[in-house]
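Q: When you get a sec, could you build the whole thing from the sequences and use the hints?
Protein chains in written order, with the numbering used here: chain A, 1 to 312; chain B, 1001 to 1312; chain C, 2001 to 2312; chain D, 3001 to 3312.
By construction, these hints were calculated from the structure, which means they are not laboratory data. We treat Cβ as the ideally placed atom computed from N, Cα and C, and that holds for glycine.
Quick list of the computed label-pair ranges, beta carbon to beta carbon:
(1) 2144(C) with 1066(B): 28 to 36 angstroms
(2) 64(A) with 2159(C): 34 to 42 angstroms
(3) 284(A) with 2300(C): 24 to 32 angstroms
(4) 3210(D) with 211(A): 20 to 28 angstroms
(5) 1080(B) with 64(A): 46 to 54 angstroms
(6) 3084(D) with 1081(B): 52 to 60 angstroms
(7) 3084(D) with 211(A): 33 to 41 angstroms
(8) 284(A) with 2121(C): 19 to 27 angstroms
(9) 2144(C) with 3030(D): 25 to 33 angstroms
(10) 1030(B) with 284(A): 39 to 47 angstroms
(11) 1038(B) with 62(A): 41 to 49 angstroms
(12) 3030(D) with 1085(B): 41 to 49 angstroms
Partner residues aside, some chain D positions facing chain A, computed with beta carbon under 8 angstroms:
(13) 3137
(14) 3138
(15) 3143
(16) 3148
(17) 3152
(18) 3156
The primary structure of each chain is shown beneath.
Protein chains: 4
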Amino acid sequence: MRTDLALEALGGAGQVPGVRVEEERGDGYAVTRVAVLDQEAAGRLGKPPGRYVTIEAPGFRTRDRGLQERISNALARELAAMLPSEASASFFVVGLGNWNATPDALGPEVVHRLLVTRHLKDYVPPDLRNGLRSVAALAPGVLGLTGIETGDIIRGIVQQIRPDMVIAVDALAARNVDRIMTTIQIADTGIHPGSGVGNHRAAVTQETLGIPVVAIGVPTVVHAQTIAYDTLDALARTLQDRSELFRALGQMPEQEKRRLIGEVLAPAVGDLMVTPKEIDVFVEEMATVVAGGLNAALHPGIDDVDLSPIFA
Amino acid sequence: MRTDLALEALGGAGQVPGVRVEEERGDGYAVTRVAVLDQEAAGRLGKPPGRYVTIEAPGFRTRDRGLQERISNALARELAAMLPSEASASFFVVGLGNWNATPDALGPEVVHRLLVTRHLKDYVPPDLRNGLRSVAALAPGVLGLTGIETGDIIRGIVQQIRPDMVIAVDALAARNVDRIMTTIQIADTGIHPGSGVGNHRAAVTQETLGIPVVAIGVPTVVHAQTIAYDTLDALARTLQDRSELFRALGQMPEQEKRRLIGEVLAPAVGDLMVTPKEIDVFVEEMATVVAGGLNAALHPGIDDVDLSPIFA
Amino acid sequence: MRTDLALEALGGAGQVPGVRVEEERGDGYAVTRVAVLDQEAAGRLGKPPGRYVTIEAPGFRTRDRGLQERISNALARELAAMLPSEASASFFVVGLGNWNATPDALGPEVVHRLLVTRHLKDYVPPDLRNGLRSVAALAPGVLGLTGIETGDIIRGIVQQIRPDMVIAVDALAARNVDRIMTTIQIADTGIHPGSGVGNHRAAVTQETLGIPVVAIGVPTVVHAQTIAYDTLDALARTLQDRSELFRALGQMPEQEKRRLIGEVLAPAVGDLMVTPKEIDVFVEEMATVVAGGLNAALHPGIDDVDLSPIFA
Amino acid sequence: MRTDLALEALGGAGQVPGVRVEEERGDGYAVTRVAVLDQEAAGRLGKPPGRYVTIEAPGFRTRDRGLQERISNALARELAAMLPSEASASFFVVGLGNWNATPDALGPEVVHRLLVTRHLKDYVPPDLRNGLRSVAALAPGVLGLTGIETGDIIRGIVQQIRPDMVIAVDALAARNVDRIMTTIQIADTGIHPGSGVGNHRAAVTQETLGIPVVAIGVPTVVHAQTIAYDTLDALARTLQDRSELFRALGQMPEQEKRRLIGEVLAPAVGDLMVTPKEIDVFVEEMATVVAGGLNAALHPGIDDVDLSPIFA
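A: Printed below as a string of structure tokens:
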């Protein structure tokens, strides 16, 4: 089963050749930096070579405001390490996803909270401009709404405004339910086809755009198949522990498992998503956290006091 | 596992004492009228005595406009049989649920599309008033938003405006994924605690309000536990067919199944819901269908031509 | 021309018998406390006897976050003087107006940001409950949406939940364009028919509900007639000064006309649509300020740190 | 005073050299086709040479559904005369304006209701494709939201997807209050800087994009200055007639002032906030009418029955 998270792709596998893992603990959260160093490791994980930083905060859903600000700050720090440091650098932030479908609306909601400045550069006096870098932003919608591949919209605009970097924000599908709304992933590898909650997205990468692309993703759903699959796995584990008779379940062929799951979920046409009942509140709060981290990383010259509005 | 649908509670059980079942087929949909006739049958089904009408349209999600209008008409006919027929009858329609959470927003969305007339009675000339009955409507929100039990809000307003009947519209949780957005249930028994997508609702019934309550419900979600539970059942069926070794799974104690499912879903705090990715579009279209049926049943004197606006 | 603001009704009239006026300056805002002491004064002003507190902050529209917090704190202080001080006091906040019409949506937007607690009282441990008073809240909509007089909805709910006080939040129509989104009025006299942006509202007062009603209002519009009226007044003033010269008004130079219009519209900076073009942003920000002040006044035991989330 | 409407620029001027005017009456509406034939006429009107079609329906605000459908059909016919007729023609519809500010949200609301097909071309079977032309659509937001000139976004996308024509939908500012939400203008001249409710828009024309641009505009506001200006004009007209009597304008009776104001505001029935209080409902309904006309003109091969969904 595929996952948008490098950390899940890595699994509990311990040391993997061609992959460097670095961990750090904060107050209520953990940061894991995974570097996929070569093509072989990339093939094994199903993730292109590059840096993947994951911020995990199991307590995010408790709606603890202090924790949310700490996560936002951690995000700002990790982003700063991936973004160019020049005061003259210019950015184009793209909020991917469908604003009409709550679990897919994270990207547009982040864009809504960004400090957009590209058009102000000419009006803002130089002494205030200190720390204010050029930021443009757009939520381009999804193919079903526009009839245009998101990648084409982004490429067209990039060719007009020539930013130094694209930052793409997207809602992801996770492998495990406990990742929903508790994890933020940053990657310097861009967005690859098939990621995100909407699954037919075109690539948004340095290859397709000609400039670096940093991707920020937050899992908001798990595919319903995952629940069925995990149930089988949990059963197999239980049975292996306690019974000769059921040993074989652990060896049940993949194909057979898929058939079973199909039997459970087939009657419902289309993609079934598992998402918390309170998803709307979580998306709003996570968008605030991500936008806060982004604003701080994009405008490093603006101090804490001035940043406070962002949390409103 | 509990379900909000009488038809699911009945299962494939064939004839049940104290329950009368009547079926009718339409073009693209089926109507089933279940009458729970006595307390014994009610206890067995977990549904109070009364009439439960279910309209099933597996093709609803194909977004076929013609089918949607036929379902709307069928709903109008079935409602007409439960509503008082007097031209002087007055109604209070309550849209239950949380407008901020898409799968729970059906009730508020229906209220938004209703032909509300109670305040017009004094202004509309008598010849136009023909067929226009008195309709008031409110979406009272949920306990977490108002701090007030929904039942208390409704009772308070009923005592002020003294309608002849309350009609409560609500999003339901189904037992099977194929019921999501394909089924409408009408019941003359009102709303009972624990129904709906939000699960702490107070009773809205003739007992609590002193006037008849008709409930209209549409399943918009399935609880995630259901997926896990169904996976185990499907596995048990498969294994029983083909293997001596796995016979015992069919006899796995209920308690053990629950423990397993807990293992899969526990890490995610709170209620996980399974819902289609396109839920926003479905809720909008289903609200149009339900409001269309309601408007026609509430104002039987208004002919087709005048009703067309309702579909906008 | 009528106005919802006592301060405008008072005009620049200096001392008026039966009216006590008290002024106080803050950083970026001014507080004026008007007490209408007897029926005679009430008749003269068209405002029932009672206390009217006005907070004026001409800079509100500059979107200065610091100023907004100071206004919110000032509002909390002024409200505290009107609200009961008992820890056991219970409140019902009503957000009047139509959420579909931006300039009329202030009340519903404030309710959306309130710390609603009435339903938590049973769950919150006593030591945390310290300072958390019972607050219920509802945005009942308008007559055209529900078919029910707003006053009836409120009265019905008050009879069910028996709060000690109703607080009604409403958008107002001002007399002068420079009051739009720069003024907050608090009154202990409740809401009287004909106030607000929607003009057919029923009374929400101690007389109709049996408990005290505090009204919080913010002007969001000016009636278009006002603009024309003001134009004539300005013209008349000009002509009285120099009436010989301008006898033939038909020959008044274009330039002079523009100057005149400037005199009428100058106090309101920018593009005035009579409701400002940016009304949506202003309503959002003003709702945050009002909800912040209300939350602080309703829950005086909660300190600043805990209140910060309210600004999100 | 400038206006976005060619018909208003023309005034009641009767025959103007270099301008051809053609009128046609429908049931409840009138169509006026103005052709600006040369640069001299263009300079006189402040409108570039081209075709300007205006549909006027004073009764639009009565919310008569039948009238709305007739207007939608008239719009479809007039558009058909400006659009290429080839079945292979491809279109890019741009909804200009700010979705957060109701009177400026018309463009985005129209885009939301469009039959977008560009991405379906590969999946739809050829026999169904009959009449389904390639349509892409985007609401790019405004400079303050994105930091990018709208013209740059459009040009970038046009260069990627190479449509045969751009159709830009925009909310306009009218000169007279009675035009608000009663008039639709179609022009084959594109969008010129300074038009629209937001007034700093870049040009979207054949010159800037290299392909034809049709603009559809609907007045949703009048500038507040207009009201004051009109008041003076009305006053001046009155005085010229009877200047002896009213020499001392300062003594003009109250009653007379009211009559004057009535003369200014009478054409717009009801409470004018200069944008009407019910602007939200009008924008929704006008967006439905415009999208209906657009969908019919863009997909001429789809018959009436299939078009009905568009009105939902």
